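With chain A's structure known, arrange chain B on it following the hints.
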Amino acid sequence: MSDDRPLQPDDVLGGSAIRRRTLMLGAAGAAAVVSIRPALAQTNASMLTCEIPVPDSKRAGQYIATDGTVVAPGTQGAFPPAGRAFKGDEVKHALGGGMLPGTTYEQNQAYVSYIRKLQSGTSGFTCFASLQMPRG
Amino acid sequence: MARPESLRIVHLDSFTLLYHRESGITHLLTAPAPEILAALGEAGLNRTALAAKLAAHYDLADFDEAALAERLDELVAAGLVSAA
Numbered sequence: 011m012s013d014d015r016p017l018q019p020d021d022v023l024g025g026s027a028i029r030r031r032t033l034m035l036g037a038a039g040a041a042a043v044v045s046i047r048p049a050l051a052q053t054n055a056s057m058l059t060c061e062i063p064v065p066d067s068k069r070a071g072q073y074i075a076t077d078g079t080v081v082a083p084g085t086q087g088a089f090p091p092a093g094r095a096f097k098g099d100e101v102k103h104a105l106g107g108g109m110l111p112g113t114t115y116e117q118n119q120a121y122v123s124y125i126r127k128l129q130s131g132t133s134g135f136t137c138f139a140s141l142q143m144p145r146g
Numbered sequence: 009m010a011r012p013e014s015l016r017i018v019h020l021d022s023f024t025l026l027y028h029r030e031s032g033i034t035h036l037l038t039a040p041a042p043e044i045l046a047a048l049g050e051a052g053l054n055r056t057a058l059a060a061k062l063a064a065h066y067d068l069a070d071f072d073e074a075a076l077a078e079r080l081d082e083l084v085a086a087g088l089v090s091a092a
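Sequences listed follow chains A and B, in order.
Quick note on the working numbering: the first sequence kicks off at 11 and runs consecutively.
Quick note on the working numbering: the second sequence kicks off at 9 and runs consecutively.
Just so you know, these hints were derived from the structure itself, not from any lab.
Just so you know, not all the hints are guaranteed correct.
To be verified - The calculated label-pair distances, taken between Cβ atoms and stated as ranges, are:
1) B:Glu30 with A:Gln129: 28 to 38 Å
2) A:Arg94 with B:Ala51: 40 to 50 Å
3) B:Ala92 with A:Gly112: 16 to 26 Å
Since we're looking at a predicted model, the values are computed, not measured.
For glycine and all other residues, C-beta sits at the position ideal for the given N, C-alpha and C.
Bound-form chain A, shown alone (with noise of 0.2 Å):
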């Protein structure tokens, strides 16, 4: 899973026998970089304010239902996309049972269920991501 060694373009790239794959080079707001500084991994806020839209600008205005998938908006059961983006200290919040800002329950559920779904390349995914690590 680990190496130390130098990136080659044969690591990512997967040298001519390998096939070809896809690559999205993303839309604005999609941010595919978080930098985690020393001081700040220390203090456990590194990624308190970065932000998750819900849903992602690519499918804003769209409705997200119960079980956290994007649907067309004023679907029967389903949610109005969430007024602002979330914060990291917000989502972080929701993701151990909290409740987040503005929410009602079952808004709140699907909403988590949306960020828990979410994918690289969709705004919000490297937030999402650096949440989930372990911080010394």
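Chain B alone, transformed into the frame defined by chain A:
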């Protein structure tokens, strides 16, 4: 990109942890950042050559010069790539 010997890379499923020894900063990367770093290599490329190299190795499903520029800007801001 930063000198390869100054980096420690750990691949973790869909993201890559990259520790830059000189700054002591850990970077959490998701696609396409690791791919861009690898394509740039130590010598670096201009934006046109980078786009061509990526296109030679990947199906770029949503290629857009502005998006590539934004990804490069993120890497520059993180200190992992220097602009010529």
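How the hints compare with the structure:
1. Restraint check, Glu30 of chain B to Gln129 of chain A: a C-beta distance of roughly 32 Å satisfies the suggested window 28 to 38 Å.
2. Under the hint 40 to 50 Å, the C-beta atoms of Arg94 of chain A and Ala51 of chain B, about 43 Å apart, fit the expected range.
3. Range check, Ala92 of chain B to Gly112 of chain A: Cβ separation about 46 Å, and the 16 to 26 Å hint is violated.
Hint compliance for this structure: hint 3 is the single one not met.
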